[in-house]
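Undergrad: Given next are the chains, with one letter for each unit.
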Amino acid sequence: MSKEEPLVKIRGLRFQRGARVIFDGVDMDIARGSVTAVMGPSGTGKTTLLKLIGGQLRPSAGSIEFNGQRVHELGHNQLFELRKQMGMLFQSGALLTDLSVFDNVAYPLREHTHLPASMIRKLVLLKLEAVGLRGARELMPAELSGGMARRVALARAIALDPMMVMYDEPFTGQDPISMAVLVKLIHDLNEASRPTSVIVSHDVAETASIAGQIYVISEGKVVAKGTPEAIAASSSEWVQQFMNGLPDGPARFHYPARALAEDLLGGRHA
Amino acid sequence: MQIRSVEITVGAFMAAGIVALFFLALQVSNLSSLGNGDGFKITARFDNIGGLKVKAPVNMAGVRVGRVSDIRFDGQSYEALVTMTIERQYNTIPDDTFAKIYTAGLLGEQYIGLEAGGSSDYLSEGSELAMTQSALVLEEIIGQFLFNKAGEGVKPEGETP
Amino acid sequence: MLDQLARLGRSGLDYLASVGRAHLLLLRILQGLSDMLPRPRLLIQQLFSVGVLSVMIIVVSGLFVGMVLGLQGHYVLSKFGAAETLGVMVAASLVRELGPVVTALLFAGRAGSALTAEIGLMKATEQLSGLEMMAVDPIKRVLTPRFFAGFIAMPLLAALFSAIGVVGGHLVGVGLLGVDSGAYWSQMQATIDLHEDIFNGVIKSLVFGFTCTWIALYQGYDSLPTSAGVSRATTRTVVHSALAVLGLDFILTALMFGE
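Protein chains in written order, with this note's numbering: chain A, 1 to 270; chain B, 1 to 161; chain C, 1 to 259.
Chain A on its own, in the form it takes in the complex (with noise of 0.2 Å):
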């Protein structure tokens, strides 16, 4: 890891929603130039952390600081000259449905640079040759699969060569060679332009494969953090059922209820 000061800096986050705590006292260091994984349960607020250091969510209580500016701390227009330096991938890959792959991918060097069009067309066939669907720039977002769809939106992500990436669950719902193509997809791009990298995650086997550094969040705290290596070895009980993917440990397959007996005897109360 490298000495020199994080990209991003967040200290003592707190974020609720109405009554519901999601994050509760969140310590976490994004080093520059690694690939950092936050990996947790479905519904701990993984995309939501990604919200919080994209501003496009406030923290109740604690700072995040991106390049050393306090992102919530930004006016509107600042914030949107911060994010011209991050790339966010979303799950869906949120594409313009209304335009075609090629506009997509050129639609932020239209509305942040003052290239020629010429210009602009060699970038986004470039982008597009990246991720290996230069032949597919004339088809509209609607006809493409969804690991396509995905590899469109990182395109679009890294159009602006941003210092920053942030993946949300890059590998949900993929099948397994898709899943594959975009392991390799943020591996290569990591290893060539090697920009700040943040993977969001649950797929634990893929994203160790590329993560330096390992964040696990459960119920709103870090419960582990360090090496894939490190988090492997950890001697905590819940880290190592995440890990492994075990059905049952400290994370009860059971929703809370009553005994099963009492249940299926008294059910008038249900």
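In short, the hints are calculated from the structure, not lab data. Each hint should be verified, as a subset may be incorrect.
Here are the simulated DSSO-like pairs of lysine-lysine, each with C-alpha atoms no more than 27 Å apart in a straight line [stated by the list, open to error]:
(1) A:K184 x A:K221
(2) B:K100 x B:K55
(3) C:K79 x A:K51
(4) A:K51 x A:K9
(5) A:K84 x C:K79
(6) B:K53 x B:K100
Not the full set, but computed from the structure, chain A residues with beta-carbon under 10 Å of chain C [stated by the list, open to error]:
(7) L82
(8) Q91
(9) D168
Think of the CB as a built atom: it goes at the ideal place given N, C-alpha and C, for glycine as much as any other residue.
Starting from the structure of chain A, add chains B and C where the hints point.
TA: This is chains B and C only, laid out in the frame that chain A set:
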């Protein structure tokens, strides 16, 4: 190509909408018939205008020649000062024309009727009609009628003693 | 008892909060105008989907409403021997009331619901979030052009509706029932006033266009990003728009024509 056809249909839509607005303004409303202030103004004083309203027609021989454009109360003479806009083409109305307030039908709207005089000078911008007759107010007519009736009944008795 | 009072209070607060959000959204939409003007293509695209695609339903409805007014008006007026004033009746009802109001109701059903569903789905599929993370303000880029398209399209659609309706009334009154064509037009022209009737009708449809588009965009933007949420928002758009149009129509009519 696709963008172009969108632009063309949007252009056609805007044009159709504007044509529709013009149709409403020219064919449906009185824009064409009242040339919007395109005429000359004359005034007349009435003791009582009854229910006359702004925009009431001004007729001559039953043909509309203008509209009432303003009604004011003159605090000095205690009369109503009515301004009428007469269409420009009717520029040969004698200046001793007689203005009278009529009611269309028994309970209809009130309008001004002009009856041509015999002068050889014509009305023009700013002319004032000297001869006017007020509106017939129903209560006054009934009142007068009752008064006359009463008078007829009382007179013989008053003369006898 | 206290529970019910609390529930009432909560729903009142929720309502106030949503009114507040709607106004903030409107403010941000209007602020997007300066951002939209250099990109007229965005507006043209929306004028197409909001305006052009609504023309068919407006023209057909306008024609039939005009024809029905011709029939019914003739039935009543001929009893008083005033069939020549049919044109006045048809045109006055269309220009003053039916044109703006029926157009707004059709617009809410045709274009407003589509706007809500589109924005709601863009929200549900994270497209709005995606724009935001691309450092593009989705309100300025997505909502503002749609708002102004609705605002511009409504008076044009209402004018089309009224004009076609007057022609429809002429078709039935003159063509079918034998009212004199000259009387139809001249009586109409003598009575319908440019300011009093036509301008006021245009003002009404501008107000309705503003309101209906605002409601549609707010409902879409504020919808829950689920299929049930979007469908509920779409329903709310139609219901709220219809109520707002009828309520505003009463107020505007009272202000304009009431003495």
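Undergrad: Run every hint past the structure and note whether it holds.
TA: Quick rundown of the hints versus the structure:
no., hint, in the structure
1, A:K184 x A:K221, "violated, 30 Å"
2, B:K100 x B:K55, "holds, 16 Å"
3, C:K79 x A:K51, "violated, 71 Å"
4, A:K51 x A:K9, "holds, 15 Å"
5, A:K84 x C:K79, "violated, 73 Å"
6, B:K53 x B:K100, "holds, 14 Å"
7, L82, "holds, 8 Å"
8, Q91, "holds, 7 Å"
9, D168, "holds, 9 Å"
Checked against the numbered hints above, the structure breaks hints 1, 3, 5 and satisfies the rest.
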